[in-house]
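Build the full structure now, drawing on both the sequences and the hints.
For the record, the sequence lines run as chains A and B.
Each residue of the first sequence is one higher than the one before, starting from 1 at the first, in the working numbering.
Each residue of the second sequence is one higher than the one before, starting from 1001 at the first, in the working numbering.
Quick caveat, the hints were computed from the structure, so don't treat them as lab data.
Just so you know, these numbers come straight off a predicted model, no measurement behind them.
Some clues are possibly wrong.
A few chain B residues that don't get close to chain A, going by computed Cβ distances all over 10 Å [to be verified]:
id: 1; residue: PRO1032
id: 2; residue: VAL1078
id: 3; residue: ALA1083
id: 4; residue: SER1096
id: 5; residue: ILE1108
id: 6; residue: VAL1122
id: 7; residue: THR1181
id: 8; residue: THR1213
id: 9; residue: LEU1228
id: 10; residue: VAL1232
id: 11; residue: SER1271
id: 12; residue: ASN1273
Using 30 Å as the maximum straight-line C-alpha spacing, the simulated DSBU-like pairs for lysine-lysine come out as follows [to be verified]:
id: 13; chain 1: B; residue 1: LYS1286; chain 2: A; residue 2: LYS129
id: 14; chain 1: A; residue 1: LYS131; chain 2: B; residue 2: LYS1188
id: 15; chain 1: A; residue 1: LYS133; chain 2: B; residue 2: LYS1043
id: 16; chain 1: A; residue 1: LYS152; chain 2: B; residue 2: LYS1043
id: 17; chain 1: A; residue 1: LYS32; chain 2: A; residue 2: LYS253
id: 18; chain 1: A; residue 1: LYS129; chain 2: B; residue 2: LYS1188
id: 19; chain 1: A; residue 1: LYS131; chain 2: B; residue 2: LYS1288
id: 20; chain 1: B; residue 1: LYS1188; chain 2: B; residue 2: LYS1288
id: 21; chain 1: A; residue 1: LYS129; chain 2: B; residue 2: LYS1043
id: 22; chain 1: B; residue 1: LYS1287; chain 2: A; residue 2: LYS131
id: 23; chain 1: A; residue 1: LYS133; chain 2: B; residue 2: LYS1188
id: 24; chain 1: B; residue 1: LYS1287; chain 2: A; residue 2: LYS152
id: 25; chain 1: A; residue 1: LYS152; chain 2: B; residue 2: LYS1286
id: 26; chain 1: A; residue 1: LYS131; chain 2: B; residue 2: LYS1043
id: 27; chain 1: A; residue 1: LYS152; chain 2: A; residue 2: LYS131
id: 28; chain 1: A; residue 1: LYS133; chain 2: B; residue 2: LYS1288
id: 29; chain 1: A; residue 1: LYS152; chain 2: B; residue 2: LYS1288
id: 30; chain 1: A; residue 1: LYS133; chain 2: A; residue 2: LYS205
id: 31; chain 1: A; residue 1: LYS129; chain 2: B; residue 2: LYS1288
Ideal Cβ placement from N, Cα and C applies to all residues, glycine included.
Chain by chain, the residues:
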Amino acid sequence: MSETAETRAEDPAGTGAGKISVRDLTIRYGDKVALSGASFDVYENEIFGIIGPAGSGKTSFLRALNRMSDMTPNMVIEGDIAIDGRPVRSWRNVYALRRRIGVVFPLPVGLPMTIYDNVALSPRLRGIKSKAKLDEIVERCLSRAALWDEVKDRLGSLGSLLSGGQQQRLTIARALSQDPEILLLDEFSIAVDPVTTMRIEDVLKELRSEMTIVLVTNLVQQARRLADRTAFFLTGELVEVADTEDLFTGNSKDPRTRDYVEGRFG
Amino acid sequence: MFEATELNLQNQRRERLFRTLFLAMTLLLILPVVVILAMLVYKGGPMISMDFLLTEPTNGMTAGGILPAFVGTIWLVVVALIASVPIGIAAALYLSEYAPDNWLTRAINLAVINLAGVPSIVHALFGVGAFVIFFRFGTSILAASLTLAVMALPVVIVSTREALQAVPQAFREACWSMGATRWQTIRKVVLPNSLSGILTGVILEVSRTAGETAPIMFTGAAFFLPFLPETVWDQTMALSLHLFVISTQVPEVPEALPYGVALVLISLVLSMNAVSIAFRVYLRGKKKW
Ligand SMILES: Nc1ncnc2c1ncn2[C@@H]1O[C@H](COP(=O)(O)OP(=O)(O)O)[C@@H](O)[C@H]1O
Ligand SMILES: [Mg+2]
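Printed below as a string of structure tokens:
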């Protein structure tokens, strides 16, 4: 990773480290602090888990990362989030930034258009018009999201009328159609049956080699199954970041992490 | 084992009572509509004929047909639609999709709602001052239609905004986070899914503009003018004003004549509505989420 090292050396602010580097990040909504003074790195091609009870600031972090904070009234970001050493707030064209980051929401969002159009939307927004090229992207992304076999005969039916589990895989296919470098998942399994959850987990394991994945999850065991490293957020505080194995084998530095991981609260 | 308690039974009786009560209110509501329509058809029906629709008024408007007024109303409504629908939709899009939630936006929203409550005679005075005199459009279809358009704008804006707001925010968020701009999101997701609601606003506008008398009386509608308008700079007769005139200003009008005019006016409005409603039902049928 000598390239990364060089980038770091040339980076006067000293913000660059991992694929995503977070420095003294504080997120507020008006006066209410959602996350305070968090610093950590997410490395390239890892699955980075974020666990923590509701209201800990996990979603807020994701929204700060892809600058959806711009679309949220009152949301104030202090400190730095950088991708490849470049602070996200320095992007003049925020649309180009967001295009590099795929997002999967807690509740599946099949857009009210055909399955095909759902997946072709992002390429079309990028200006791809060729039918053959679009067909290829749609098939590839749906296959990677483990949905192709179920929908290949009805690509023309509405994406918003699929079952919850199918819609969630459609959302993943849509995110993949962006050709993202980073994939953000926010509690993706909350409205999804266990079988689909497992299928999506398998998909994520395969995607790891191609992109950096930030996995916010309400299921600590899911973090254990998937994440290389995991961060524990608790009511706006980053309690600790560690190798996932350490967190789950009682080697966490903070007793609160152990309590949470072992299901004593949260 | 599972006996209904006294409370269960009481609740059940209440349930029946309220259902009946609400049904009665609803029937009461449509009663006037039915009576009005029945009376118009009964009294005005015999007037309706091809001749009535396709000839000019004669004998000091006590006989003959209503062609110039019929055509004039269509002109007025169409020009008013052309002027108000694009502006209204653009304003609603701005207020719903772009405007930050601050005091200015709130003030504009409040102004729009209040504008909808301004009496039409006040709009008439505004129309005379602004379009007839200041912009020098004279008394013309253009001035009258613009007056109608100003009057109808709040209706279009409010109903369009409501239709836009009915599209779930999650769809917008999903689009934005893919890197779509607000405009791309509007075009791909928001507009296609709010069309039927927006149409409702247009329907309301049509009904309202076609029936208005005051705003066009001083701005472009003529008392008696037995020619068809050719451009928007002409004056024209209109059904609503014609109805007013023959009901109150002209002596010795046969009783059936005003009912005939009213029947035509209301049929015109209802058939325009029917077209829009049919389109709406067609779009509704394709339920998308
Ligand atoms: N749009 C918002 N406006 C005000 N407060 C918010 C908003 N979104 C989240 N919050 C608050 O910020 C805190 C963190 O929320 P969030 O990031 O959604 O947590 P999590 O995803 O971990 O459940 C919560 O206390 C929540 O109430
Ligand atoms: Mg959340």
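Evaluation of the provided hints:
no. : hint                  : verdict
1   : PRO1032               : holds, 39 Å
2   : VAL1078               : holds, 32 Å
3   : ALA1083               : holds, 31 Å
4   : SER1096               : holds, 14 Å
5   : ILE1108               : holds, 17 Å
6   : VAL1122               : holds, 36 Å
7   : THR1181               : violated, 6 Å
8   : THR1213               : holds, 42 Å
9   : LEU1228               : holds, 45 Å
10  : VAL1232               : holds, 39 Å
11  : SER1271               : holds, 31 Å
12  : ASN1273               : holds, 26 Å
13  : B:LYS1286 - A:LYS129  : holds, 26 Å
14  : A:LYS131 - B:LYS1188  : holds, 18 Å
15  : A:LYS133 - B:LYS1043  : violated, 67 Å
16  : A:LYS152 - B:LYS1043  : violated, 62 Å
17  : A:LYS32 - A:LYS253    : holds, 28 Å
18  : A:LYS129 - B:LYS1188  : holds, 15 Å
19  : A:LYS131 - B:LYS1288  : holds, 25 Å
20  : B:LYS1188 - B:LYS1288 : holds, 14 Å
21  : A:LYS129 - B:LYS1043  : violated, 61 Å
22  : B:LYS1287 - A:LYS131  : holds, 27 Å
23  : A:LYS133 - B:LYS1188  : holds, 20 Å
24  : B:LYS1287 - A:LYS152  : holds, 22 Å
25  : A:LYS152 - B:LYS1286  : holds, 21 Å
26  : A:LYS131 - B:LYS1043  : violated, 62 Å
27  : A:LYS152 - A:LYS131   : holds, 16 Å
28  : A:LYS133 - B:LYS1288  : holds, 27 Å
29  : A:LYS152 - B:LYS1288  : holds, 20 Å
30  : A:LYS133 - A:LYS205   : holds, 26 Å
31  : A:LYS129 - B:LYS1288  : holds, 25 Å
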